[in-house]
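Residue numbers (the numbering used here): 1147 to 1528.
Don't take every hint at face value.
Said to hold, decoys possible - With a cut-off of at most 25 Å between alpha-carbon atoms, the simulated BS3-like pairs for lysine-lysine come out as follows:
id: 1; residue 1: K1184; residue 2: K1234
id: 2; residue 1: K1263; residue 2: K1454
id: 3; residue 1: K1446; residue 2: K1402
id: 4; residue 1: K1413; residue 2: K1432
id: 5; residue 1: K1234; residue 2: K1369
id: 6; residue 1: K1432; residue 2: K1454
id: 7; residue 1: K1402; residue 2: K1369
id: 8; residue 1: K1213; residue 2: K1184
id: 9; residue 1: K1413; residue 2: K1369
id: 10; residue 1: K1263; residue 2: K1234
id: 11; residue 1: K1402; residue 2: K1413
id: 12; residue 1: K1446; residue 2: K1413
id: 13; residue 1: K1446; residue 2: K1432
Please keep in mind that the hints were generated in silico from the structure rather than gathered at the bench.
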Amino acid sequence: MKTTLDLSRAPAPAISSLAGLSLPRLRETLEEIGLAEKPAKMRASQLRRWLHHAGVQSFDEMTNISKEMRTELATRFTADRPHIAEHKVSVDGTQKWLVEFGPNVEGESVFIPNVGKAGALCVSSQVGCTLNCTFCHTGTQRLVRNLTAQEIVAQVLIARDGLGEWPADTEDRRLSNIVFMGMGEPLYNLDNVAEAIDTLSDGEGMAIGRRRITVSTAGVAPKIPELGARTSAMLAISLHAVRDDLRDEIVPINRKYDLQTLFEAIKAYPGLSNARRVTFEYVMLKGINDSLAEARDLVKLLSRIPAKVNLIPFNPWPGAIYECSDWDTIESFADVLNRAGYSSPIRTPRGRDIFAACGQLRSESVKLSAAEKRRQAEASSA
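Using the sequences provided together with the hints, build the complete structure.
Here it is as structure tokens:
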């Protein structure tokens, strides 16, 4: 009988760097190299402070750890980040990092200035995706594997390195919010996402408050209440349609968890209130989901849910079958929601020129420019 390898469950890479490890994982790692329990706990706390609060990348800088211990750590581990395969900066200040977590395992993260308190980092939880949402470029890339909690945190370390925002309590820091809206479906990697959120929100480490961390799901309904119970993160729903027949088509997970099932799960999310609203993301597709009737149906769908709606102009990508709704249409759609009492900002497209906008992320390992294709063709015919 033929068997299929589930790459999303592939073994995690062996630990070589300590940067990005959760506090419990740091303790376990130190115990594994022979430290007694109490010193391991103390040393792990010290390491966490240096790695995640100070952002150091050399054990030599950890001055409150003995020289012998630093030497021992340096012979076994590093404080390195994953390799940055590419870094691009948009004309609007958006920054994108293509990070290589292993051979042919690449993920993208995007820093968007002037979002939230200061700026938001959009992180990936998987390399590739299984959901196949038809308007999303990431959905055209097969799933390679889940990212580990350490690999998720590493994306934030890399961004803070690039922004020069160490130590973590630097005043007026630009990276204030984390959004799990990059590559992949976070709730299909919930264990690693929850562990990463624990590390990111650790007040003695990276110190990003849980209310500044948002997890977006396309609708893995059974996992939604669990996400809230385990992380206390803010919830976002990638909605995009108000009818099951249309959502079945453009967000195929709806065939498994329809709108009624999804909204029952949303209403069970712990801690919902006007101060902890659900964010609904709605990409505006010309002639597909942008009528005023659909705006009115969206109002009905959101009844009795503390919510806001982000209207997202469709961001084009090569081969996309959709067009963005006309601006007047988007504004009229927003007006219906606003009159019903729902905040509905129209998200300004950011980073389109570097393919960093919503729905445009896709690993560079599966993208080839026209010039690269020509070079390959020329080499094969030579």
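Hints and how they fare:
Of the supplied pair hints, the one linking K1184 and K1234 is violated, its CA atoms being roughly 44 Å apart against a limit of 25 Å. The straight-line distance between the Cα atoms of K1263 and K1454 is roughly 17 Å, inside the 25 Å bound, and the hint therefore holds. Restraint check for K1446 and K1402: the C-alpha separation of about 22 Å stays at or below 25 Å, so the hint holds. For the hint linking K1413 to K1432, the alpha-carbon distance of about 30 Å lies beyond 25 Å, and the restraint is violated.
Taken as a hint, the K1234 and K1369 pair is broken in the structure, with Cα atoms around 34 Å apart against an allowance of 25 Å. Distance restraint check for K1432 and K1454: the Cα-Cα separation of roughly 22 Å lies within the 25 Å cut-off, and the hinted pair is therefore satisfied. Distance check on the hinted pair: K1402 and K1369 sit about 13 Å apart at the alpha-carbon level, within 25 Å; holds. With a CA separation close to 19 Å, the supplied pair K1213 and K1184 stays within the 25 Å bound.
For the hint linking K1413 to K1369, the alpha-carbon distance of about 13 Å falls within 25 Å, and the restraint holds. Straight-line distance between C-alpha atoms of K1263 and K1234 comes to about 23 Å, which keeps the hinted pair within the 25 Å bound. For the suggested pair K1402 and K1413, the alpha carbons sit about 18 Å apart, so the restraint of at most 25 Å is met. The suggested pairing of K1446 with K1413 holds, with an alpha-carbon distance near 15 Å, which does not exceed 25 Å.
Taking the CA atoms of K1446 and K1432, the gap is about 22 Å. The hint holds against a cut of 25 Å.
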